[in-house]
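Number of protein chains: 2
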Amino acid sequence: MRNLADHLNMCSVNTATLGFQAPIAEVIEAVARHGFGGIAPWRREIEGQDVSGIAKKIRDAGLKVTGFCRSTYIPGATRDAFLASIDDNKRAISTAAKLGSDVFVLVVGSLKDIAAARRMVVEGLGLLLDHAASEGVKLALEPLHPVYAADRSCITTTAQALDICDQLEPSGMKQLGVLLDVYHIWWDPDVQRQIKRAGQGSRILGFHVNDWLLETKDPLNDRGMMGDGVIDLQGLRRAVEQAGYRGFVEVEIFSQADWWKRSMNETLETVRARMVSVT
Amino acid sequence: MRNLADHLNMCSVNTATLGFQAPIAEVIEAVARHGFGGIAPWRREIEGQDVSGIAKKIRDAGLKVTGFCRSTYIPGATRDAFLASIDDNKRAISTAAKLGSDVFVLVVGSLKDIAAARRMVVEGLGLLLDHAASEGVKLALEPLHPVYAADRSCITTTAQALDICDQLEPSGMKQLGVLLDVYHIWWDPDVQRQIKRAGQGSRILGFHVNDWLLETKDPLNDRGMMGDGVIDLQGLRRAVEQAGYRGFVEVEIFSQADWWKRSMNETLETVRARMVSVT
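Chains A and B are the protein sequences, given in the same order. Using the working numbering, read the first sequence as starting at 131 and increasing by one per residue. Using the working numbering, read the second sequence as starting at 131 and increasing by one per residue.
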């Protein structure tokens, strides 16, 4: 397993971790100043702005864009809504390319009829693959914790995400892979086997770290800093790296009541320390 | 699939649904008066009381005890704590027998080291089987929703629960099976296949209904009444019955801010109506 003390250049900061307190230019500067090698911005920080200029700022700061968050939910109540989401996601994939991101993150959404939602996700991903290929952007399907199954994601396990990858790309990976976030997968009794499977198919497109607090007050916006919760971070990182993953370790923490209230500097310093000590 | 309008005698009320507002004698009377055929009490209502007398009251009311809730968490921080929980669970299994319950419900607990917790659960169940057999009580292992993986249950999927059953009873069911609660399993992309598997092994010892509210405020105590949420109740009941299950359909709703504030009568009337209309 890599020693992250020697690989801070392979650690990345997902900007949501900093609570969107400052314009993207300041966030880029702060992330680079703390020694990280990567950054993963959100659409709200980028869309409608000078994307090429932001891409240049990121490059000039010596940072790699490790992901672009995230898809518009794919399932729709009507066919038109579904098709509109596909168009919207195509535009976002083009923005990801312009920003210099190799990866577009897919959080797929859900419906009351979860079986129908799952069918729409498979169809929708199929409709996005050619566009993603033409833009040179890979699609990182993120299985979400089952607590979000009613609204944020009908894809709830790594096995299910990999099954969809295999269904759409039976001859192996070209455009589609998975994003593994410890918050979403740590509880899964099948996780070690599925990480190995993902690695064998070279389908691991990203690895997110944070922690599950024992006293989680809000499953959406009360994530913990690495080391403050129950997740076996080193066990999961070891599994991912043994499966062949050599990409970035990206921190992503949604924390309305705690980290988002702190300064960017304090959060980034803590992330750096915890990357080395417990991740 | 059974028409529950004709099978209210095969519908049961888990007493937690009524918020523990009244002594067990009143609860028994109310459940019977509303036409249900079963009741599933909790230890807090029974332990330290005249168990045989309560058992007689339940029988006299024409009710069947469909389950007894629930186990003391099995994993312990020390070996002594682990062994104490086994002893405690043996006593509770004896109480279940005295109460006339064929089934003792196992909610197994967890630890920060979830892998260690899982090993202790398997060992602990092994230590309980002989005692359960001698008392004539089956052990219903309940996989819990992954949102509880840090504290309430290291067993998070139906597949995992069935794997443990197969490991401990490789030649088929004698004492160990699963309790399937829609709240805990509805999100699982593998659920239909695992229900079928559970049925083939005759391991389905209970079926709980309620609903997952789209706007869940608290994953522990904000469960919905059947029909108020997103769960495909009829799809799951159909699968369970097609897998051979002919036992009770038991309602279990934890609802601090809503149903527990209503009268027992209002809740029981609503349960009866929703059993027939949407379950």
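Keep in mind that the hints were calculated from the coordinates and are not lab data. Note that beta-carbon positions come from the ideal geometry of N, C-alpha and C, so glycine has one too. Honestly, I wouldn't trust all of these hints.
[As the list claims (entries may be wrong)] Partial selection, computed: residues in chain A whose CB lies under 7 Å from chain B:
(1) Thr202
(2) Arg282
(3) Gln364
[To be verified] No more than 30 Å apart at the CA atoms, straight line, and that leaves these computed lysine-lysine pairs for DSSO-like:
(4) A/Lys228 / A/Lys242
(5) B/Lys304 / B/Lys347
(6) B/Lys347 / B/Lys242
(7) B/Lys391 / A/Lys242
(8) B/Lys187 / A/Lys391
(9) B/Lys220 / B/Lys194
(10) A/Lys326 / A/Lys186
(11) B/Lys326 / B/Lys391
(12) B/Lys347 / B/Lys220
(13) B/Lys326 / A/Lys242
(14) B/Lys187 / B/Lys347
(15) A/Lys391 / A/Lys242
(16) A/Lys242 / B/Lys194
(17) B/Lys304 / A/Lys326
(18) A/Lys347 / B/Lys326
(19) A/Lys187 / A/Lys391
(20) A/Lys242 / A/Lys220
(21) A/Lys347 / B/Lys186
(22) B/Lys220 / B/Lys242
(23) B/Lys391 / A/Lys391
(24) B/Lys228 / A/Lys347
(25) A/Lys326 / B/Lys326
(26) B/Lys186 / B/Lys242
[Unchecked claim] Partial chain A-side listing against chain B, Cβ under 8 Å, derived:
(27) Ala211
(28) Asp281
(29) Thr287
(30) Met303
Verification of the supplied hints:
no. : hint                : result
1   : Thr202              : violated, 19 Å
2   : Arg282              : violated, 11 Å
3   : Gln364              : violated, 12 Å
4   : A/Lys228 / A/Lys242 : violated, 35 Å
5   : B/Lys304 / B/Lys347 : violated, 40 Å
6   : B/Lys347 / B/Lys242 : holds, 25 Å
7   : B/Lys391 / A/Lys242 : holds, 27 Å
8   : B/Lys187 / A/Lys391 : violated, 57 Å
9   : B/Lys220 / B/Lys194 : holds, 22 Å
10  : A/Lys326 / A/Lys186 : violated, 36 Å
11  : B/Lys326 / B/Lys391 : violated, 38 Å
12  : B/Lys347 / B/Lys220 : violated, 35 Å
13  : B/Lys326 / A/Lys242 : holds, 23 Å
14  : B/Lys187 / B/Lys347 : violated, 37 Å
15  : A/Lys391 / A/Lys242 : violated, 34 Å
16  : A/Lys242 / B/Lys194 : violated, 34 Å
17  : B/Lys304 / A/Lys326 : violated, 35 Å
18  : A/Lys347 / B/Lys326 : violated, 36 Å
19  : A/Lys187 / A/Lys391 : holds, 26 Å
20  : A/Lys242 / A/Lys220 : holds, 25 Å
21  : A/Lys347 / B/Lys186 : violated, 43 Å
22  : B/Lys220 / B/Lys242 : holds, 25 Å
23  : B/Lys391 / A/Lys391 : violated, 35 Å
24  : B/Lys228 / A/Lys347 : violated, 39 Å
25  : A/Lys326 / B/Lys326 : holds, 27 Å
26  : B/Lys186 / B/Lys242 : violated, 42 Å
27  : Ala211              : violated, 18 Å
28  : Asp281              : holds, 6 Å
29  : Thr287              : holds, 6 Å
30  : Met303              : violated, 21 Å
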